[in-house]
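Heads up, the sequence shown is in my numbering, so the first residue is 1 and it goes up one at a time.
Derived by calculation from the structure, the hints in this document are not laboratory data. Keep in mind that a hint or two might mislead.
What the hints assert, rightly or not - Pairs of lysine-lysine residues, derived as DSBU-like cross-links and limited to a Cα-Cα distance of at most 35 Å, are as follows:
#, residue 1, residue 2
1, 50, 11
2, 124, 50
3, 11, 63
4, 57, 11
5, 66, 124
6, 66, 11
What the hints assert, rightly or not - Ranges between beta-carbon positions, derived for each pair:
#, residue 1, residue 2, range
7, 71, 24, 17 to 27 Å
8, 144, 109, 19 to 29 Å
9, 28, 71, 14 to 24 Å
10, 14, 85, 18 to 28 Å
11, 71, 108, 30 to 40 Å
12, 113, 35, 39 to 49 Å
13, 113, 28, 22 to 32 Å
Predicted, not measured: the structure shown is a model, and the values here were computed from it. Ideal Cβ positions, reconstructed from N, Cα and C, are used throughout, including at glycine.
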Amino acid sequence: MNKNRQIIGSKSAQTCFYLPTPPILPEAWSHTAPEAVQHLIEANGNHWRKILTIMAKLSVTDKNWKFYRDNLLLKQDECISINSNELNPNAGLHIICGQQSAQNLQLSRSQFQPINTSTTLVSKHAEQSIYLCPYLDYRQFPNLQIDLLRAVLYLPSLG
1 MNKNRQIIGS KSAQTCFYLP TPPILPEAWS HTAPEAVQHL IEANGNHWRK
51 ILTIMAKLSV TDKNWKFYRD NLLLKQDECI SINSNELNPN AGLHIICGQQ
101 SAQNLQLSRS QFQPINTSTT LVSKHAEQSI YLCPYLDYRQ FPNLQIDLLR
151 AVLYLPSLG
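Turn these sequences into a full structure, and let the hints steer you where they fit.
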């Protein structure tokens with residue numbers, strides 16, 4: 001196991017997002033604290049607010065992603081795996097964010113098929129519930145692509 005691997009959130013979460021670099025975590029920070037997301041954003045700024053917002057948009061089953069984001073790691077069923085070289089065995093859904101995360105997991109683009117013929121930004125693994133998407137930043141992963149992945153996640157016949 002990679003000694004730099006870090007899980008943020010519940011290790012038994014159903015959905016795992018894979019990112020290459022960790023946020024700064026405030027001293028004594030816990031994902032179970034009521035203000036965990038707010039403290040994470042305060043310590044890391046707008047970059048991590050955007051990451052958590054995109055995670056919430058991909059995870060929420062309704063349109064209230066702001067509320068969901070603010071409680072994302074507290075009671076929800078998502079976690080973030082940082083710099084991982086293996087998939088979280090407890091998760092049923094894996095969202096690989098960016099090429100660096102895919103390389104860490106030894107996944108190649110050839111193992112994935114685009115989920116829509118009009119774009120190659122978002123792809124699904126041929127055999128497992130693993131999705132490859134751009135890094136969670138709006139310049140790389142705009143709302144149109146987020147909505148496309150959301151549709152596939154919540155309408156499994158499309159994925």
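Structure-based check of each hint:
1. Taking the CA atoms of residue 50 and residue 11, the gap is about 22 Å. The hint holds against a cut of 35 Å.
2. Restraint check for residue 124 and residue 50: satisfied, since their Cα atoms lie roughly 23 Å apart, inside the 35 Å limit.
3. Proposed proximity of residue 11 and residue 63 is supported: the alpha carbons are some 26 Å apart, at most 35 Å.
4. This hinted pair checks out: residue 57 and residue 11 have alpha carbons roughly 21 Å apart, not beyond 35 Å.
5. With a CA separation close to 26 Å, the supplied pair residue 66 and residue 124 stays within the 35 Å bound.
6. Under the criterion of a C-alpha separation no larger than 35 Å, the hint pairing residue 66 with residue 11 is consistent with the structure, at around 23 Å.
7. Checked against the hint of 17 to 27 Å, the pair residue 71 and residue 24 passes, with Cβ atoms roughly 21 Å apart.
8. For the pair residue 144 and residue 109, the beta carbons lie near 21 Å from each other, so the given range of 19 to 29 Å is met.
9. Evaluation of the 14 to 24 Å hint for residue 28 and residue 71 yields a pass: the beta carbon distance comes to about 20 Å.
10. As the Cβ distance of residue 14 to residue 85 is approximately 21 Å, the hint placing it in 18 to 28 Å holds.
11. Between residue 71 and residue 108 the beta carbon distance is about 35 Å. The supplied range of 30 to 40 Å therefore holds.
12. Distance hint check for residue 113 and residue 35: the Cβ-Cβ separation is about 40 Å, which falls inside the suggested range of 39 to 49 Å.
13. For residue 113 and residue 28, the Cβ-Cβ distance of about 44 Å falls outside the hinted range of 22 to 32 Å, so the restraint is violated.
When each numbered hint is compared with the structure, a violation occurs for hint 13 only.
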